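Participant: Chain order of the listed sequences is D and P. Per our numbering, the first sequence starts with residue 1, numbered consecutively. Per our numbering, the second sequence starts with residue 1001, numbered consecutively.
Be a bit skeptical, because a hint or two may be false.
Dumping the calculated BS3-like pairs for lysine-lysine here, alpha-carbon to alpha-carbon at most 30 Å [what the hints assert, rightly or not]:
#1 K1039(P) to K39(D)
#2 K1002(P) to K1039(P)
#3 K39(D) to K1002(P)
Quick look at which bits of chain D chain P covers, simulated, 3 or more residues with Cβ under 8 Å [unchecked claim]:
#4 38-49
#5 104-117
#6 124-133
Calculated Cβ distances over 10 Å to all of chain P for the following chain D residues [unchecked claim]:
#7 G11
#8 H14
#9 T20
#10 R21
#11 L59
#12 D77
#13 G78
#14 L79
#15 P81
#16 G83
#17 Q90
#18 Q99
#19 M145
#20 C152
#21 N157
#22 G167
Hints in this document: simulated from the structure, not taken from any laboratory. The structure presented is a predicted model; accordingly, all values stated were derived computationally and were not measured. Every residue, glycine too, gets a C-beta built ideally from N, C-alpha and C.
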Amino acid sequence: MDAEVTLTVDGTRHQLPVDTRTTLLDLMRERLGNTSPKKGCDHGQCGACTVLLDGQRQLSCLALAVAHDGAEVVTADGLAPAGELHPVQQAFLDSDAFQCGYCTPGQICSAVGVLDEVSRGWPSHATADLTGDVELSHDEVAERMSGNLCRCAAYVNIVPAVQQAGGAQA
Amino acid sequence: MKPFAYARPADVAEAVRDVAAEPNAVFLAGGTNLVDHLKLGVARPDLVVDVRTLTSGEVTELPGGGLRLGAASTNSAVAADRRVRERYPVLAQALLAGATGQLRNAATTGGNPLQRTRCVYFSDVTTPCNKREPGSGCTAVGGYTRYHAVLGTAAALPDPTAAETCIATHPSDMAVALAALDAQVQVLGPTGERTIPFSELHRLVGDEPSRDTELEHGELITAIDLPPLPAGTRSAYRKVRDRASYAFALVSVAAVVPPDGDVRIALGGVAHKPWRATRAEELLRGAELTDSAVRAAMDAELAAAQPQPGVGGGNGFKIPLVNRTVVATLRELTPEASR
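Please model the complete structure; the sequences and the hints are all you need to start from.
Facilitator: Written out as structure tokens, the structure reads:
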């Protein structure tokens, strides 16, 4: 069964009929040719498909495209529209925060979401005082990024990259 | 994935009518659990009715001092709400102990308590499961029972071929906190509105393992209300899991300690529903919360617990573990009590 959806992906508006079963991830990769978000597990367990959906980090594999008609999606590709790297992307390069790179677009979108959440004072499971300030400690970053798996285990450099980007933005 | 029709009605009343009129219809909110089940073939609806944008996404003050969580408020928004963090830390902590940042940004107040069990056999459509296919049997009995129930089940080793057998647990962290807070569930159904005490929303297995809750087909959660707590009330959520982050609870404890001493305790990871430890609460009423008093009260609560044998030693470890976790949680909440 088809339905018409309109989506803005990385600044470009698309209107197209989609099978109601299509996820946002499959729509971007298979229909729009945007392979920045990756398909890892396709079950919401790995985070490789993370995008910014209406400004918040979400899993595009668990979002039905029809349910997000009118949404604005930004992928890791769209974070650098003019060819100038986003501070989080630059921090990943500076810290050598990846090996094979497959999880990296999801890591970067997730990190952008993390820094936004921290700037708004959102606590995490690692925050000792729920009503106090959040410091971007190792434990805070590790907890907040726990939805993004890296099978190369580049975590040892991903955590400092997120901390660097957070400091650079502050 | 089986084809389905998708509808986004104009309002909740129409959504309720749509689902009530189609026996094989489901509500969709954040989709974090349902979309996965559509892919796995665990859920095979003919009609998906999207309610994500139809209910309130706000947290609002109730007259009398409580808070109303709109059904569409996300788990991350509720956990970040300053009033929730200050007045109901047990709920903020439970939400933050669940899932990941990405999932909490999608998952909703109405959807979280209605998520299905994470029993691996329920998710595996190639195995018999009474919850997924009523009457097919239970593969979990004698299998991988590490995440399964020890309370509210019939016998130590239930008959895996019986239609009423199910040893699944409810996976939600949020629901355990809501049970301890005596939250109230606002529901709209085909015959009108009703309010369900949170501890009566979920069911024990009984003779219908396929039913997780008391909601009738077509009934929709529109909000969850948090009653006011007396000034000086302390509360906390403690979760024990196999990984430090992003894992379901082996056991968890939500505790609310009002200044009058009527402690409230709810347990997660131990039963088919969030388990209010009413026996332990009775024994601790008015008592000083010393370690030994809490331990004895929990011994009484767990007297009827049935460990399930299974791969890797079964789940008997949960019984002492949940007792110790309650002791640790209450110790942290009452540092002034004599030990």
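Participant: List, from low to high, the hint numbers that the structure doesn't satisfy.
Facilitator: 9, 10, 11 and 19
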